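These protein sequence lines are chains P and E, in that order. The first sequence begins at 1 in the numbering used here and counts up one residue at a time. The second sequence begins at 562 in the numbering used here and counts up one residue at a time.
These are computed hints drawn from the structure, not numbers from a lab. Among the hints, a few may not be true.
To be verified - Within a straight-line C-alpha distance of at most 35 angstroms, the following computed DSBU-like cross-link-like pairs (lysine-lysine) qualify: (1) 367/P - 669/E; (2) 659/E - 564/E; (3) 564/E - 314/P.
Unchecked claim - Computed footprint of chain P on chain E, listed as stretches where at least three residues anywhere in the stretch have a Cβ under 8 angstroms from a Cβ of chain P: (4) 622-635; (5) 659-669.
These figures come from a predicted structure and were not determined experimentally. Ideal Cβ positions, reconstructed from N, Cα and C, are used throughout, including at glycine.
If you want the building blocks of each chain, they are given just below.
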Amino acid sequence: MWPEAWCRVGPILAQVGVVAMKWLGLMDDQSDRPGSDPAVPDQALYQEFLKFLDAREVSDEWGWETDADGRVTWVSGRYGELAEGLAENIVGRHLVEMLDESAGGDGPVRVAVEALAAGRTFTNITCGLAVGEKRSILVSLNGKARWGKTHRDREASFLGFRGIGRNVTRAFQRERAWRDLCQQNQLLAATIEACPVSISIADATRPDCPLIYVNPSFTHITGYAFHEVIDTNCRFLCGPETDPVAVARIREGLRSAQPVSVEVLNYRKDGSTFWNEVMISPLVKDGVVVAFIGIQNDVTEKKLRQSQNQQNQKLEALGHLAGGVAHELNNLLQPIMTYGELIRDRLPVGDEATIRQIGRILASAEKARDIVRNVLSFARNDAPVPAPVVLAEALREALDFIGGLLPATVAVKVSGIEDNLGIGRINAVELTQVLTNLINNAVQAMVGRGAISIAAVGGRLNASAAVVAGVLPGNYCMIQVKDNGPGMDHTTLARLFEPFFTTKPVGQGTGLGLSVVYGILRSWGGAISVRSVLGKGAEFTLYIPQQDDVGSDGNGQDSGD
Amino acid sequence: MAKILVIDDMDDVREAIATILRQENHAVTEASDGRQGIAKFQVEAFDLVITDILMPEQDGTEVIMALDGMAQRPPVLAISGGAPKMPAYMALHLARLKADATLMKPFKNAELLEKVNLLLARSV
Chain P
1 MWPEAWCRVG PILAQVGVVA MKWLGLMDDQ SDRPGSDPAV PDQALYQEFL KFLDAREVSD
61 EWGWETDADG RVTWVSGRYG ELAEGLAENI VGRHLVEMLD ESAGGDGPVR VAVEALAAGR
121 TFTNITCGLA VGEKRSILVS LNGKARWGKT HRDREASFLG FRGIGRNVTR AFQRERAWRD
181 LCQQNQLLAA TIEACPVSIS IADATRPDCP LIYVNPSFTH ITGYAFHEVI DTNCRFLCGP
241 ETDPVAVARI REGLRSAQPV SVEVLNYRKD GSTFWNEVMI SPLVKDGVVV AFIGIQNDVT
301 EKKLRQSQNQ QNQKLEALGH LAGGVAHELN NLLQPIMTYG ELIRDRLPVG DEATIRQIGR
361 ILASAEKARD IVRNVLSFAR NDAPVPAPVV LAEALREALD FIGGLLPATV AVKVSGIEDN
421 LGIGRINAVE LTQVLTNLIN NAVQAMVGRG AISIAAVGGR LNASAAVVAG VLPGNYCMIQ
481 VKDNGPGMDH TTLARLFEPF FTTKPVGQGT GLGLSVVYGI LRSWGGAISV RSVLGKGAEF
541 TLYIPQQDDV GSDGNGQDSG D
Chain E
562 MAKILVIDDM DDVREAIATI LRQENHAVTE ASDGRQGIAK FQVEAFDLVI TDILMPEQDG
622 TEVIMALDGM AQRPPVLAIS GGAPKMPAYM ALHLARLKAD ATLMKPFKNA ELLEKVNLLL
682 ARSV
């Protein structure tokens, strides 16, 4: 039912509407249709027009029209608002002139220009449109080519374009920003994935802060794959020897949401340990800690190097001190030995008791002299001149010599002396002394009963192996002396090569044996390392540098490698 | 019997050496540092000079150099126990360049006498 008012104004509006719709290109030009009368619109058409008016009110598109030359003849009322430009800036000008390549966007202006030039209908061309003085926007244009003829024309002629336009500047900017963000995120993700430093992210919003991300370096360092650690707290890296104080510091950092950095002994998946330099920082969003970013760095080699350097410095200092004391003792021992001998030689024959007592004094003095010489050997103050020696031969000779001195209850098994030991710039007597001290040490540790195995190989130590051994990378003869004695604890291992350090009861050892070994090996440019677990024996490895240039200094013999 | 000059700043060591030599009927003159030693052999001829290497004032190497400048140079036995910054083997290594024999402290009486007799026999 039509309201009365609408019945009155309806026909008038309908006529206006038809005219307007023609203008807007929403109605076919029916002026040439026989029998049609624009003055009498039907109700259906009128309804369509009203719908159009309503839609136009809320549409974010504007209408536009050009004449056959492409000159803009009309833009709809919301143009100014939607395009943020004035209608008079555009009406009357050629549309092609206003297309702006520099406005950006991916719309090909060329396509629009061609379509406009060819009088061809086009849709969804996105291009720049100059809407004012030095101001362009990005628009999406649809244009319908209008062809028509009046009853006077024989053929239809091009009348111009009608279409709609939409300002897509903001949408495009949003899209571009989104695309840039995606690219940045991809770059960031790829960077984190490829980062040689281990990175992990823990969710601070969930109980127990489970891991939600680890990068491949984390897997590389710890041996745990992504799927094995996700949704678990990273305390799985801790083990029996992890320092609880370090763990407590991490926990405190997490609790107080403060960055924390600690070095902690962690365990890989295979149970091996590594020193982990952990840095944890809270990720705060809107005042709330949402995640903890962890950076893990395997600093095992660095720690080893540090501890090796500290050990070396300590031993150097001790050696210097010992050297000074030893030289003082040399001078003090001289009168004891000289007068002792003189008194002994003057004693009447038959005074056996006094002769024996003086003998004790002299024996003690000589023992003291030997200790001093050993200390000097440790301090590298008394080094015999080394010479090129065929190591395999020297080793066999030394072991032959030592073999004769060992108790029958100790089995020495020489499991392999390879021929590629090469030439070493050493002193063969010192090598015997080194092995004697090591084997004596083992025999004493085993309380005279047990098995010692000895093996020797030649080979190259790469950088990381050299760091562990405490030598420079290069070719080495490596002699291994292994016993099945009681082994040593960490405290003993740490002090093993210090002079006067002994685990033997007072009076049973000078505590110089292994420090002498250490001093001799260092004087050859070599090193000694020890591995031991309490209750599981000990394994000493001697590293003797192989001489590369045998011919220039040596006797030309080759060990056959 | 020979005339022997013993130079050592350590009194106990010097006296001990002198005692051994006197027991062997040598005429021993003692000096407690290099300067004194040089002064002695410049006014008196010796068959043998035994000198420590590391001494205050003038050291053993200076003693040997002073002896080298003499027309009739007696043989020299250099002895050393070293010092904190100069290992004995290094001191003796230096001395060996000019000395006729070296001995590292502490030595046995027999070792000393063996060297002394050797050098005296050579100089005869």
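Quick rundown of the hints versus the structure:
For the suggested pair residue 367/P and residue 669/E, the alpha carbons sit about 13 angstroms apart, so the restraint of at most 35 angstroms is met. Between the alpha carbons of residue 659/E and residue 564/E the distance comes to roughly 21 angstroms, so the proposed pair stays at or under 35 angstroms and holds. Restraint check for residue 564/E and residue 314/P: the C-alpha separation of about 49 angstroms exceeds 35 angstroms, so the hint is violated. With 0 residues carrying a beta carbon less than 8 angstroms from a beta carbon of chain P, the region 622-635 of chain E misses the three-residue requirement, and the given coverage is violated.
With a threshold of 8 angstroms between beta carbons, the proposed coverage of the region 659-669 of chain E by chain P holds, since 5 of its residues qualify and at least three are required.
In this structure, the hints that do not hold are numbers 3 and 4, in rising order.
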